[in-house]
Amino acid sequence: MKRMWLLVGIGILVLGVGSLGADDVLVMGVTAEPETLDPHVTVDNNSWRAIYYCYDRLVEYEGGTTKLRPGLAESWEISDDGLTYTFHLRKGITFIDGTPFNAEAVKFNFERLFAIGKGPAGTFEFIKSVEVVDEYTVKFTLHAPFAPALSAFATDQGCIVSPGVMEHEVNGDWGQDWLAEHTAGTGPFYAAEWIHGMRLVLKRNDNYWGEPAKLAQVELRYVPEPEDLRMLLEKGEIDIAEKLTVDQIKSLKGVPGIRVFEGPSFSCHYIYLNCQRPYLNDVRVRRAISYAIDYEGIVDYIWQGTAVRMEGPVPIGFAEHIPVYQYPYDPDRARALLKEAGYEKGFTLRLMHSPVVPEWRQMAIVVQQNLADIGIKVQIESYAWATLRAKLDKGDFDMSFGYWTPDYADADMFTWFWFYSENWGLPGNRAWYKNEVMDDLVTAQRVETDPEKRQRLFEGIQWLAVSDAPYVYLVQTKYQLPMREWVKGYVYNPMLLNMPNFPDIYIER
Amino acid sequence: MIPTLFGVLLITFLISHVVPGDAAQLIAGPRATPEIIQRIREEYGLDKPLHIQFFMYISQVLRGDLGKSIRTRRPVGADIRAFFPATFELTTTAMLLAVLFGIPLGVISAVYRDRWPDHLSRVFSVIGVSMPIFWLGLLLLFLFYIRLGILPGPGRISGDPPAHLTGLYLLDSLLTGNWRALGDAALHLVLPAFTLAFAVLARITRMTRSSMLEALGQDYVRTARAKGLMERWVVTRHALRNALIPTLTVIGLSYGELLGGAVATELIYAWPGMTHYVVGSMTSLDFPAVMGVTLVIAIIYITVNLLVDLTYALVDPRIRY
Amino acid sequence: MWRSRLAVLGAAIVLALVVVAIFAPWIAPYSPTRINLRERLQPPSGKHLFGTDDAGRDILSRVIYGSRVTLRICALVVGLTLVIGTLLGLVSGFFGGWVDELVMRVSDVFLAFPALILAMAIAAALGPSLENAIVAMVAIWWPRYARVTRGQVLSIREIDFVAAARAAGASSFRIMLRHILPNCISPVVVQATLDLGEVVLTAATLSFIGFGAQPPTPEWGAMVSVGRNFLRDYWWYTTFPGLAILITVMGFNLLGDAVRDILDPRLRRGP
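Protein chains in written order, with this note's numbering: chain A, 24 to 532; chain B, -12 to 308; chain C, 2 to 272.
These are calculated hints, taken from the structure and not from any lab test.
No residue lacks a Cβ here, since even glycine has one placed at the ideal position from N, Cα and C.
Certain hints may be false.
Said to hold, decoys possible - Listed next, the stretches of chain B that the computed footprint assigns to chain C, with coverage defined by at least 3 CB atoms under 8 Å from CB atoms of chain C:
#1 -7 to 0
#2 33 to 41
#3 118 to 132
#4 242 to 254
What the hints assert, rightly or not - Taking lysine-lysine pairs in the DSBU-like style, the calculated list, with each CA pair at most 35 Å apart, reads:
#5 A/Lys501 / C/Lys48
#6 A/Lys130 / A/Lys151
#7 C/Lys48 / A/Lys226
#8 A/Lys501 / A/Lys273
#9 C/Lys48 / A/Lys276
#10 A/Lys276 / A/Lys226
#11 C/Lys48 / A/Lys414
Pulled out of the complex, with its shape left as it was, chain A reads as follows (with noise of 0.2 Å):
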């Protein structure tokens, strides 16, 4: 009798083993949970990955290129002067709560994102007014000309959400509360579940307008140690696996059964030196950091071969970026300036860094270690995700380990928001530096339509960030995505980063 039970027991317990990957369900493991599933609220990418496939945008990117196609517009038009942009929609789509899709719609969409006026709001700043011109033609009027404003449109900001949300409106929120936990768009996908602090999951939308994904579900499970995330990817339990450490990848190249996608990427890590600070608001002393680093061992060491050096503020591959000055590694100059500015005797600073990205904290052991070397302590302080970018909105910090992708393939992505003096704290200027030149140059540029003046405008630009040092310019790396070799149909795009094309996946084992 006793043997018998426990002979159900063990098959119970091997029936549970026995049962993992249906081949329609795609595990991602994720470091970090979205914040919001609202696309008018976050600007995070741990959120835009569950959000990106559950709606859809007027015009979306082509493939892994940062060409566009339409997307629910079918067509547009801008005028001579820039000014106006005038979009023709798909007829035909309703968004998954059955609200119609048509410029009302739109219309209301951007009414929303304005009113609550969060992060994503500022990608479309560039918009005066917005204008139903029949049931499906909408008119944008912008301030003033803006080269990369069509590109603005494909980003995850520009996910189109449903009127259907007001329905769930509490206390004139426009539906943040309810928004935050479901979608509401007219995409592949919907968020079906989400079991907070285990797994987000999304189901195929199998009313879409459009071609039907591939897969039937996408759990998006949370796993927040990288370690962990490595060892369920190589036991197959889960597929993808993101946000791995460099160590980890270099690892799993070897294991059969594993494949690592690599591809190049404009995003790049940096360190915001704050320039309201004591100590740091003297350029010399800033020049005598961006002197002190050993980049040669962050890059040969920490990265291995998996980034190269930035070179400025505007990464390689970008049609704007110019080859401008690198800093070497040359402590002596360091001291000597540092002399100069009269601080011989050395003082204090402090650097965070978040767990989120691993490669920081090795990073600052190191810089703790350089600047060590030239009289400067430095304190590392360790935050959560949310904690360290709200202490940079507010400039409270000396230093601070940062990342930046850009969200179109125009350097505006990476000089406007870092240099302009509006834009201090997290919207970009996250060194919450200002020098009027600069603000002259970034915001020229915005407007300049000629190209080869934008052109001169860009290299100024990128020559003045080296020289005023308000950044210390770090690696540029390469994107690195493991996954198990039965996931299929991936296709990088550099703009979609963190954002896996879902509905084109599919698992052949």
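Assemble the complex: chain A is given as a structure, and chains B and C must be docked to it using the hints.
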């Protein structure tokens, strides 16, 4: 009890408000306009002096409203309800393991005193109470999951969870007849429960051993032996029953230890429980969540201690309150 | 016999810890903080007995210096809680009345939380640093000492020599210090020794979670925490610091057991 609870509320409130920084801005998020921040400030009463905020908080709590988490944007009560079952399942299983294995081990140790089973168990006891839980968890994970591959990895379940009835996966799978989920969840529970139970197991073993030894030396035992009763009878019927009383206290007192140990365990095994949520809230300075969860944990802890005292009073005829 | 063997083992471990901590600069083969990226993540070898970490630092040296951190934490936490707790317990037991009520109520509140949870909350609120973690630990531990002291005070308060001293006109303060305090020391010391192991564990756990020591401090719990993300391929990173914690705590526990057995046989039955 009431003044203690008040004090608990006061302490959690004070701790959460020691944190410098503009809470309204944290809640509003980046790029919020000053109007929105001001609205939030009013909504949460953050513009009032501290003692007023405290009384607002008390009245809120008494109404059952624990506030809204900044991090998850959901009511703290909803978050707690969501994460509590996982912790409960983990700590209860650990407690059961500790008792089921600890008591017999202690008995064996006492009966075979000073022979090798005793020595082995005593070494194990010392190691058990000295072992850092987080390190043990990592070692076990490395051994059984990475190297040997016979147990599943971090997380509560690999496939789909069972239908939600109580939130306790073992129970829910049983009740819905979902055998796959049962096996899946049970396997996932093995390592974390054992890791958590380790120290308590060691303590219970030690306690049982010493009280058994004491009991075995008592007059009535000698009498029973002299009467010619079987050794086994003597051991279980007489000695064990009396030895269990102090062990009961240890069991009760260990519950607090389990809650503390759950913090490290849930972190290591990516267990989506209450203590994992607490740690996340603390690192994100999510003060409504920190206040709410710390309060709930304190209440649970006080309640358990109270229950232990009562049970102790019932079981031990010598004590009368 | 067995008992005394264990006691000796405990004493030996603690002694070794103290020796290592004092002579760290002479024993450690390398600097615990000097980074050397070229020697990153090397396995244990003749050159690096415990291997190197992700910044190329020698783990053996870091573990050795970690003993200093550990001892410092122990000394500070136990020292501060002893002083604060004993003082409060003395005052509380001696004066009784509302003072006693107040101190006991407050300590009740602190004891209402599972220790680690409260320590975490305080450490998180004050900010991640070793100093704040120490403050947090003192905050959760003083009630224990206060109670023990108070218990002692209550039991000897009425004894004759106290009454005699009073009759002779001695001030309360004098009585407390001269007569009562010396008699309280013994159980408090026992308690303190018993607690050392727990202090080390709690400090390590706080650092592991992230609320304690910050880089580059070579604290064992923090090292295990970082090493966790290198577990699969670089097992030495987590193993040695964790082993150090285990052995140290074992030493303190064995020693504590022995001290308890000697000084307070009544408590031998305790957990």
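Here is how each hint holds up against the structure:
Here the segment -7 to 0 of chain B counts 5 residues with a CB under 8 Å from a CB of chain C, which clears the bar of 3, and the coverage holds. For the segment 33 to 41 of chain B, the proposed coverage by chain C is not satisfied: 0 residues have a C-beta within less than 8 Å of a C-beta in that chain, short of the threshold of three. Given a C-beta distance limit of less than 8 Å, the hint that chain C covers the segment 118 to 132 of chain B holds, as 9 residues qualify and 3 suffice. Restraint check on the segment 242 to 254 of chain B versus chain C: 8 residues with Cβ-Cβ distances below 8 Å, three needed, restraint holds.
As the CA atoms of A/Lys501 and C/Lys48 are separated by approximately 34 Å, the hinted pair is consistent with the 35 Å bound. Taking the CA atoms of A/Lys130 and A/Lys151, the gap is about 12 Å. The hint holds against a cut of 35 Å. Taking the CA atoms of C/Lys48 and A/Lys226, the gap is about 55 Å. The hint is violated against a cut of 35 Å. The suggested pairing of A/Lys501 with A/Lys273 holds, with an alpha-carbon distance near 13 Å, which does not exceed 35 Å.
Distance check on the hinted pair: C/Lys48 and A/Lys276 sit about 29 Å apart at the alpha-carbon level, within 35 Å; holds. About 31 Å separates the Cα atoms of A/Lys276 and A/Lys226, which keeps this hinted pair within 35 Å; it holds. Among the hinted pairs, C/Lys48 with A/Lys414 is inconsistent with the structure: their alpha-carbon atoms are about 43 Å apart, more than 35 Å.
In summary, the numbered hints that this structure violates are 2, 7, 11.
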